[in-house]
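Top line first, the protein sequences correspond to chains P and A. Numbering of the first sequence is given in the working numbering, commencing with residue 1 and proceeding in unit increments. Numbering of the second sequence is given in the working numbering, commencing with residue 1 and proceeding in unit increments.
I should point out that these hints are in silico values taken from the structure, not numbers from a laboratory. One should not assume that every hint holds.
SDA-like cross-link-like pairs, simulated, lysine to any residue; straight-line CA separation at most 20 angstroms [claimed, not checked]:
1) P:Lys151 x A:Asp409
2) P:Lys151 x A:Gln412
3) A:Lys86 x A:Thr28
From the derived model, a few chain A residues whose C-beta atoms are all more than 10 angstroms from chain P [claimed, not checked]:
4) Glu73
5) Arg81
6) Ile102
7) Met145
8) Lys192
9) Ser208
10) Asp335
In this text, a Cβ means the ideal position worked out from N, Cα and C, and glycines have one as well.
Each chain is listed here by its residues.
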Amino acid sequence: MLEIKDLHVTVGEKPIIDGLNLIVSDGEVAAIMGPNGSGKSTLSYAISGRAGYEITSGSVKLNGEEILGLPADERAAKGLFLAFQYPLEIPGVTTMTFLKAALNSQRKHRGDAELSTPDFIKRVRAAADKLGVPQDMLRRAFNVGFSGGEKKRMEVLQMALLEPTFGILDETDSGLDIDALRVVSEGVNALRSPKRGFLVITHYQRLLDYIVPDTVHVMSKGKIVKTGGKDLALELEKNGYRDYVAAA
Amino acid sequence: MAIATTSRPRDEPDEADPMNMRAKPTPTPTESALALAFQAAQDKPGVPQHVAYWRARAFSTFSDLGLPTKHVEAWHYTDLRAALAKPYALVDGDVNVSPEAILQLAPRLDGLAAIRIVLVDGVYVPALSDSAAMPQGVTLRAMDMALASDDVALLTALAAHGLGAGDGPIALNAALMHGGIVLDVAANVDVKTPIEIVALATETREQSFFSRSLVRVGQGARCTLVETHVGKGAVAAQKNDVMIFDVADAATLDHIVTSPRNALGSVQVSTLLANLGAHSKLQSFALVSEAAFLRRQTFLRFNGSHASALLSGVSLLSGREHCDVTLVVEHIAPDCQSREIFKHIVDDAATGVFQGRISVAQGAQKTDGSMSSRAILIGDDAAMYNKPELEIFADDVVCGHGATCGELDEDQVFYAMSRGLPRLVAESLLLEAFAGDVVDKIENEILRDHVMERVRTRLAARSHA
Ligand SMILES: Nc1ncnc2c1ncn2[C@@H]1O[C@H](COP(=O)(O)OP(=O)(O)OP(=O)(O)O)[C@@H](O)[C@H]1O
Ligand SMILES: [Mg+2]
Numbered sequence: 001m002l003e004i005k006d007l008h009v010t011v012g013e014k015p016i017i018d019g020l021n022l023i024v025s026d027g028e029v030a031a032i033m034g035p036n037g038s039g040k041s042t043l044s045y046a047i048s049g050r051a052g053y054e055i056t057s058g059s060v061k062l063n064g065e066e067i068l069g070l071p072a073d074e075r076a077a078k079g080l081f082l083a084f085q086y087p088l089e090i091p092g093v094t095t096m097t098f099l100k101a102a103l104n105s106q107r108k109h110r111g112d113a114e115l116s117t118p119d120f121i122k123r124v125r126a127a128a129d130k131l132g133v134p135q136d137m138l139r140r141a142f143n144v145g146f147s148g149g150e151k152k153r154m155e156v157l158q159m160a161l162l163e164p165t166f167g168i169l170d171e172t173d174s175g176l177d178i179d180a181l182r183v184v185s186e187g188v189n190a191l192r193s194p195k196r197g198f199l200v201i202t203h204y205q206r207l208l209d210y211i212v213p214d215t216v217h218v219m220s221k222g223k224i225v226k227t228g229g230k231d232l233a234l235e236l237e238k239n240g241y242r243d244y245v246a247a248a
Numbered sequence: 001m002a003i004a005t006t007s008r009p010r011d012e013p014d015e016a017d018p019m020n021m022r023a024k025p026t027p028t029p030t031e032s033a034l035a036l037a038f039q040a041a042q043d044k045p046g047v048p049q050h051v052a053y054w055r056a057r058a059f060s061t062f063s064d065l066g067l068p069t070k071h072v073e074a075w076h077y078t079d080l081r082a083a084l085a086k087p088y089a090l091v092d093g094d095v096n097v098s099p100e101a102i103l104q105l106a107p108r109l110d111g112l113a114a115i116r117i118v119l120v121d122g123v124y125v126p127a128l129s130d131s132a133a134m135p136q137g138v139t140l141r142a143m144d145m146a147l148a149s150d151d152v153a154l155l156t157a158l159a160a161h162g163l164g165a166g167d168g169p170i171a172l173n174a175a176l177m178h179g180g181i182v183l184d185v186a187a188n189v190d191v192k193t194p195i196e197i198v199a200l201a202t203e204t205r206e207q208s209f210f211s212r213s214l215v216r217v218g219q220g221a222r223c224t225l226v227e228t229h230v231g232k233g234a235v236a237a238q239k240n241d242v243m244i245f246d247v248a249d250a251a252t253l254d255h256i257v258t259s260p261r262n263a264l265g266s267v268q269v270s271t272l273l274a275n276l277g278a279h280s281k282l283q284s285f286a287l288v289s290e291a292a293f294l295r296r297q298t299f300l301r302f303n304g305s306h307a308s309a310l311l312s313g314v315s316l317l318s319g320r321e322h323c324d325v326t327l328v329v330e331h332i333a334p335d336c337q338s339r340e341i342f343k344h345i346v347d348d349a350a351t352g353v354f355q356g357r358i359s360v361a362q363g364a365q366k367t368d369g370s371m372s373s374r375a376i377l378i379g380d381d382a383a384m385y386n387k388p389e390l391e392i393f394a395d396d397v398v399c400g401h402g403a404t405c406g407e408l409d410e411d412q413v414f415y416a417m418s419r420g421l422p423r424l425v426a427e428s429l430l431l432e433a434f435a436g437d438v439v440d441k442i443e444n445e446i447l448r449d450h451v452m453e454r455v456r457t458r459l460a461a462r463s464h465a
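Whole structure, please, built from the sequences with the hints as guidance.
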């Protein structure tokens, strides 16, 4: 469960998130939609602990525990996962090595034993197969030369592998072809569980046909300006943001 | 933190003194001690006359030059005279080292099956070496024995056909050298087993040593040479070692050298002088880690056409360590290819230096030379001086150089952290990849893995600091 209270975030002195409140319960899928530049990615980075996103006030609790102030890796170990809007490339590190370092770091942090290489490989293969990620991609340098869509699949593969308690998907649908959108959505849906919440940031109603949200929030100028059910996305698709942008 | 320079103004004193008429400075205590040590060595019985003469000439060259200060252009970033302020006695005597002690400091690499030559404080110890196992066509002699023979051509080879002439520390090494080996690979012999020189510093007390070795790879021969320098890093030492390669026509030499663990306060000058024949191939990789204060200088000359050389290295610096990698690559024959690829990871308040010069003589047409030096500074007070240079007198050449100096990509660090990697682990992973790119150039898989493992261990030590 994610609880954000009166969050204010500035980036380079510029206030971007301006008193945002949001609660996403266990098992809930909440969608956030909003115009370009309204602060959706800023919100996801602030929650994950990226440097340069200064929290001037407010609180973010994950499963009842305040996470602001924790380094990003500890937030991850506590079960937070962000699928980046623009995933990074890590030259010189194979995908396998990177994934193994991630999984074992989290296990170590939680006091679990590290996975043996064969066990690890078994898990990655299973996750990769489900998401249609070819095995040879796992041997390549992480994300290097991957297409936009392949990178997005890799984000969801990591989420499947790391089994977070809360996942934030920042425009995971952008760059995906029609078939990939379905495969990736199925991957996300397979992770839905009564114990896991999701925040799905998207511009397109189409994604929400696959990952059906419980709630839809409209964000404008760093605030949630409207909250509704899945029908709100359909309305936005038809009318755009003009009714809400003015309200902010 | 980051200081990166690619050029610097000429030294003022030189400008003020264009005729180089400056009076010779008074010798430092170390220089005086070296003069006394030299006299004592010359007076020892049993030194053949031509060797004594050769050494005397070398010492006179050194006396004229003195220990280099930052006013000597080639030593601008490494003030050796200041570093060697305190004179250390020359190494002497026999220290008994057990085979177990060697194995502990330099374990044999699984699967490498190398033939070992063990030098203790520079001196070849047959009893600790695989002396009986030298492959067919490989001749090994202790330097002192070789010098005592009437092999007059040896001195020309030991002078590396003039390479590095004009460098004070190299001349000093010639005057004072003690120990070392002469290794000859006969023509057309393909030495399948790597030969490993394990150079152990006993570190029983503060001392200085000067050793010089010569490796000659005959025409069409092939050989892999590993130089493993080891020490406990217990007591400070002043080391000056010179390795000379004579790679004949169509010969191939693969060389991997790993620096010793030097105690704080140690000062080491390691020199490689390499002459390459036509159609020959040299690959030389150097790992520098925990070396305290080290200057690694390489002088390489292409004497025959169609030869190629790859000089590469990784330096891992932390604390207040100082590592100066200096290269002088001379293309005098046409159609040769040289590649120089170096990476430096500079942590804490350490200082890295890279000076590389590719010089192409008028007749060296079709030279293909490229040099790159890349540094990542991770320490708040870390510094890197990068100075690549090209000096080209031929018109039909392809030469280039690049030097970069930067920090870790914070976006990549955050990405990895967001996946659960603690900062230091994330940084290590990225740094490993940065260094790994050069380590990958080592052809022998076992040696490559060994070097990578050392890099990994060193970087992992950051997270336990
Ligand atoms: N480093 C920065 N310095 C100044 N302004 C920034 C910085 N980073 C982001 N911003 C600004 O913050 C605002 C919010 O950006 P953000 O990326 O969060 O928007 P978004 O809602 O994710 O948009 P999109 O839908 O286009 O992805 C934008 O106006 C952007 O220009
Ligand atoms: Mg965005």
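Against the structure, the hints come out as follows:
no., hint, result
1, P:Lys151 x A:Asp409, "holds, 19 angstroms"
2, P:Lys151 x A:Gln412, "holds, 15 angstroms"
3, A:Lys86 x A:Thr28, "holds, 9 angstroms"
4, Glu73, "holds, 35 angstroms"
5, Arg81, "holds, 40 angstroms"
6, Ile102, "holds, 33 angstroms"
7, Met145, "holds, 47 angstroms"
8, Lys192, "holds, 31 angstroms"
9, Ser208, "holds, 40 angstroms"
10, Asp335, "holds, 33 angstroms"
Against the hints set out earlier in the document, no violation occurs for any number.
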